[in-house]
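Work from the hints to combine the two standalone chains into their complex.
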Amino acid sequence: MAKILEGPAMKLFNKWGIPVPNYVVIMDPDRLAQLGEANKWLRESKLVVKAHEAIGGRFKLGLVKLGLNLDGALEAAKEMIGREIGTSVVRQVIVAEMLDHDEEYYLSIAGNRDGSELLLSNKGGVDIEEHWDTVKRLFIPLDETPSIERITESAIDAGFTGEIAERVAKIASRLILCFDNEDAQSIEINPLVIRKSDMRFAALDAVMNVDWDARFRHADWDFKPVSEIGRPFTEAEQQIMDIDARIKGSVKLVEVPGGDIALLTAGGGASVFYSDAVVARGGSIANYAEYSGDPPDWAVEALTEIICKLPHIKHIIVGGAIANFTDVKATFSGIINGFRASKSKGYLENVKIWVRRGGPNENQGLAAMKKLQEEGFDIHVYDRSMPMTDIVDLALNS
Amino acid sequence: MSILANKDTRAVIIGGVAGLNAAKRMAQFDFLVNRPLTVQAFVYPPEEGQQKEIYRGGELNNVTVYGSLDSALAENPQINTALIYIGASRAYHSAKEALDVKGIKLVTMITEGVPEKDAKALRKYALEQGKIFNGPSSIGIMTAGECRLGVIGGEFKNLKLCNLYRPGSFGVITKSGGLSNEAMWLCAQNGDGITSAVAIGGDAYPGTDFVTYLQMFENDPETKAVVIIGEVGGTLEEEAAEWYGREKRRIKLIASIGGTCQDVLPQGMKFGHAGAKEGKKGLGSARSKINALREAGALVPDTFGGLSKAIKQVYLELQASGVIKPEPELDEKLLPVLPPSVQEVMKQGEVIVEPLIRTTISDDRGEEPRYVGYAASELCEKGYGIEDVVGLLWNKKLPSKEESEIIKRIIMISADHGPAVSGAFGSIIAACAGIDLPQAVSAGMTMIGPRFGGAVTNAGKYFKYGVKEYPNDIPGFLNWMKENVGPVPGIGHRVKSVKNPDKRVKYLVDYVTNQTTLHTPCLNYALEVEKVTTAKKDNLILNVDGTIGCILVDLDFPEYSLNGFFVLARTIGMIGHWIDQNNQNARLIRLYDYLINYAVKEEREVPEKK
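Those protein sequences? They're chains A and B, same order as listed. Throughout the first sequence, residue numbering follows my numbering, covering 875 to 1272 in sequence. Throughout the second sequence, residue numbering follows my numbering, covering 1122 to 1731 in sequence.
Everything labelled a hint here was simulated from the structure, so no lab data went into it. These numbers come from a predicted model, not from an experiment. Heads up, the beta-carbon is just placed ideally off N, CA and C, and yes, glycines get one too.
To give a feel for the contact side, a few chain A residues facing chain B, derived at Cβ under 10 Å:
1. Asn-986
2. Asp-988
3. Ala-1088
4. Val-1128
5. Gly-1143
6. Ala-1144
7. Ser-1145
8. Val-1146
9. Tyr-1148
10. Ala-1154
11. Ile-1196
12. Ala-1197
13. Phe-1199
14. Gly-1232
15. Asn-1237
Covered stretches of chain B (in silico footprint by chain A; criterion: 3 or more residues with CB under 8 Å from a CB of chain A, positions within the stretch not fixed):
16. 1271-1282
17. 1290-1302
18. 1347-1355
19. 1369-1381
20. 1424-1432
Looking at chain B on its own, in the form it has when it is part of the complex (with noise of 0.2 Å):
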């Protein structure tokens, strides 16, 4: 037996992120006593339609997040209980329309600095409706065994701790949130535990009263005594006092009271709950809850610190008459323990998990990211350049200061060869179309491959394959290349020859050769293959293409990288392009009538469909 909550309680949650929280801390605790999830839906409307995952120990459940409170009950009919989780200025409203629900009995809110007004309202209305609204600032209740409702308990390893894994003999009934925590306990290391736990909220005017729930746990069988946690500030321990004292009682009432220390305190100071405040001529005083408590029979230790003696003496006096009868513990290790996550197992050793993928050249998880072991702000200290990070992402290697300078004049010489090629006009139409920046540069890319840009890698890779099979029978290499693969990437150009050559192409050839002392076997080889296809064709050349892919290889880059180099660079160039067509607001274009050959059929009938 039990208050408020038990194993027949199924709940909605109305509210946002708090909500789901308060959510997978239920489902902890219905993991603990072995029962169906508690919370059968959220209501939240900036939220409709998503699902919320909960875990029930290893098992995982996804609960509905609804539009409104009547979506959630037209499907989850059996839901008998709200959480409100709402911020102040909602909580009202949410409340009410909760409790106007036929099945819904209980409505308990959390939401702190709900006007007292509204609070003074579904007070009243749940009193109309012979219904049960608990807070607001109610940390929420707890039914040892068979219910939580919200944080109430705190983490897994303290359910455990204050044995709420099953019903104990003592109630508990508190203002405060973190008291009701600390009284179960202390119910549990001076007593045999908790039935049911309750925090009616530190507000001026709670829904509910210690007298409520004194008259449901007078009616519970189960618990044999009460503890109650009030604080200066209103009548309601006066109340209970009055109660407890008006007839015989059942239970043995144990109270503690905060807020002593205002009697030495300058008047009107004020501090605690928004509730804790002294009425004129010391009405709600601390000092007269007390001696109204004493009064009544209840037994109230002097201080906070003396109500652990308090219930352990009603504890072994409840047993000498034979009320609470000892039952043999629970041995803990039966209990069920909660499912660590892959993580924590992880870090203990005790499980191996197959990486879904590997990586060797990069580092995320230090203070900055680490390139190949190096950080990334000391290569800055230390003077190194993008060229050298190129080296390391591409190549795992810091290229010497010879080698990043190539590299760097090699980007350099192909960020950008004017609007009309393939690869900025892509660029250039998308950005006139009003495509954004990096889907626009990404159009450009797009024309990157056998004819525009992507020669590089080929080219490297047959001319490093000439050198190592044909490396003196240039002819011998011609002849592969014409029956396994075609004509040589990196060789040929539409308008430049010979007589009219390419510039980039003549600057780098000589850079490397004439000023760095860089080996080149692979370009040395791709000229002397021009010098024979040259002689067969003028405009036979050793193109851009071929040239820095023979260089790249000569660099000792892997072969597959290399037109990776050419997308760099040209990066540079397409972005350039988008920003300039859009400092130009330039408008959507298309092509003219007279730039297309329209080669087609006559205007035609369409005939009947067979």
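Here chain A stands alone, though its shape is the one from the complex (with noise of 0.2 Å):
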């Protein structure tokens, strides 16, 4: 799952006939003043400014402006741009049309398993949620694409018609073919608004998730897809991630502010496993880590670096099942090797480290890992005798 900014989605609409208003993502509002000489619908039409950030609740905090003049727009540009929101930083903003409308329309799609499904509403914009009810649904089976007019039927069952159901129904197929060749996950427009003088059509706001898995196909998608935590990636997290596109196997860390539970477990599924014991049990995690697929040990030593570092912890909790492949004495030499090395800098003071682990090389991982006991870690071994998650009951009884 990776959602894309607007400015991305906004091209990807261009490219299969989707009507977006005149947009420019800018990152320097000076550059807004030229593009504003250049361009005459910047000095001619109301403009919205938005910061272009993955940024949650962007129109309570001030960072969506509308209704502004081109003198207005570079006021609020300046304003938007390096403003601090909790981590993060505004950079860029997206400046677009506000085209003046007369109704506003709901248009979706998402994938489930056995194809996708449009969604179409004439009740769109911000009380959609109200409005459900009014949302008809269009299932589309795999590998086939509607007619234009089973598209159209379905549009005037939502409620649209004559004209207005025809372009409707043109939009729809055409979000239908971006969602197909694009490798979307899910595409939701609101509003779609029409201008009926004119008959002009714009999708106002879009949210798009695409598959990134699929990028190697798509040579022209220039973007990152932004933060699926609901807020920027920390310097650490994005660390990580450099480390994780670079490596066989993978890491993956997400910090959780305010825990005292550090968790350096290892698995796609047993680590959910030991965040769950952690939190049924009334602890608090301090984030979620994971290395899986046999990752190089000088990985899996940077990531534990990354974790004795986590303010406040109390316990270290390097769990995991009984491995398939992932050669336990070699990631556990890498753990060894960053609990060494945060140790001489200071870090690990009264923290409890708990480990359990079997897989290949079993003995001999968790025997260096015992071994630290005599170079004065506070650390506690186990083997897969001991159940998987009793390690979290152990270190929060303790």
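Following this line, the structure appears as structure tokens:
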């Protein structure tokens, strides 16, 4: 799942003939002034300025400004760019034409196991949730493209009439094309607006998710997906992602501020169960981490050092199931090096470490881990006979 | 009995090195349960035609790599299962091709990062064909006692610990690969082990689902209970609950669902598998799945830690009701033991292997090479030079300062002798023909022999003989040489003579005798011999080969090593000539006609062949 920002989404809409308002994405307000000289629409239309960042609730934060002229837009851009929201900074704004319109519609498509589903409503806008019963659905089986007649029927069903129904169906058919050909997972246009005087349509706002795994067949994807965790990535998370992109296997990290139990767990399935175990016992996690697919020891070492630096942690859970092919000895040697380096830098003071693991070379790996006791680590090592998540109970009861 | 994989499963692996590793692990299982090799062929175009070595216990098998699935099946029509180990960008086509093969009923894919659209299409295609597409991102399928597909089950030791050599009563279905192994372990610890275990993969749209396999387990009389391990995201667990609750099922269902922590974490924060994402309004949340499964009658412990107890409870109940009859455990000692590699056995000191070669000079087993025990870097640090390394590697002795200086000068003086001599000329001709450095230098090197540079060894050898056998009898020595050897090696020169002495010889003799304290019996003897031979003929002087040979004998180098000094020294020159010709972009050369005397027969007609 990869959410993309409005700018790249608009670009893909343009590519597939879905009408969008005029827009520019800028990083420097001066550039907007220059663009204003070059583009009539910037001088003559009402404008909307929005922070072009993955920040939720932009409207409430004052990061969306409506109904501006060019000077007002310049002012708004200056105000927004550089603003710090939590840990993130607004670096770009999107300035778009605010089309005067008569009606707002809702149009979306999302994938499911058997194909996708097109959703249509003539009651779009911010209150769409309240009008959810007006939404009409059209199931589109995998590898099938519904005829324009079929889509028009759905549009009429959703309350559209006459030429508008035909035009909405046409836009929906292009949305389906865009969805299919761009390996999208979901696209939501809300609102799709119409100015009846010249029958001009435009997708004023859009949320689009693409399948990042499919990027190998999209040469023109010049964007990066935005953070999926509801906030921008931290420096440490970015660092781990950069390592993850380079290695066989994977390492992952999500920081959870305020927690005091750090996870250094293995495997996509088991790691989630460790988080669950902490939460179920009333603890709070300081992070989510995962290494899997037999990653190189240095990558696990880097992950370990980052986790040891998490503030206010009391425990580190080095947990994992019985691995199929991840070498316990090799990955543990990365963790051990990370622990040693962290300790020498003054971290891990009063931190208890709890280990449970099985898999290839488990005996050597666990023995090496256990030897850390001799170096003054407060470490507790268990093998496969300890139920997987029980080390969490031990940690919380200690 | 079992599901998906059994004794009759014969597989092709589509993919490269990861597939080969899987095949090796699978062969360990084949050995454990004493079945023929499961993997019958590989398909991987870059390595078409190669044979891959697969050990089933101690038995070495060669499995062919084919360039296409068609050719693999033409030679191995018994194949009924395909394992996809190829990269994400080619995974779809490989799997689809396999699904198109009439005899292949099961395709399982380990590849991660496969686009959702591709996975969805493969699922649909398999359903239409009435086949199973398992995965993507699946660690594999295990049927205890019968068949292993993929690396599921881990290392050999673990296969035994999880009792996978014989069937039990529990089925296992997981999304996660690591947890499939953990679940098999739990079933062995708290119950009697598994019938089959399958990982469906953690992607958003796996090719199969819990219901697919629950139905199969329901139809498999040996399976009495099934453990499923699911997680937040999607609706597969809810569908499993719906299936289980719909009617009375024969199998007991135990489940554990991951992702309850997401209730307390910030909205949209996602981690774990690609498919582990909660939808709008709590759809697909771990909590809703747990509730649905419990309502359907499944046993769902609060946490993963409770799974052991749940399995044990179900096992005891099934035993009490007589559904599971306890069978005597096999004695683990009767199970086959994986033959260790020679290295492992040697480490334990349980085998003697006669070495193939012996070395007394050099050891590369440590962090850096050691020459006769001395670390190379330490020699550098303590001011030793290349001549000392020669002394160590050729004669196992560290020369004294004086001795190494002599060696160094011998090498310097013999490094080159212009382009006209056989060695350099050979290298130059090769360089001009565009031959690369090592081969061009070898061309020059082949010239070294009795008439060019190769007399050092024999000169040293015979003068040493003379010193020993005819110490005060030069005529006697010459006579012996005449009768037994011929001309004295090291004596005589094509152009140099008493009147036109070889400067190199004069210099070396002068340096060694006047500026060093080296005791030189052999060189002295040769100089005495020279006096006699030059009296007979002006050019029968002690030449440079003879001089070097004698000095080296006096330095105590073994006589058969002596040509090595000329080879070593002249290599420097030959490399220089090759570089020089290349720098000048030299062209191909050939002899002019006028430099050749064509002493040949006249033109004539070829007679008819008799």
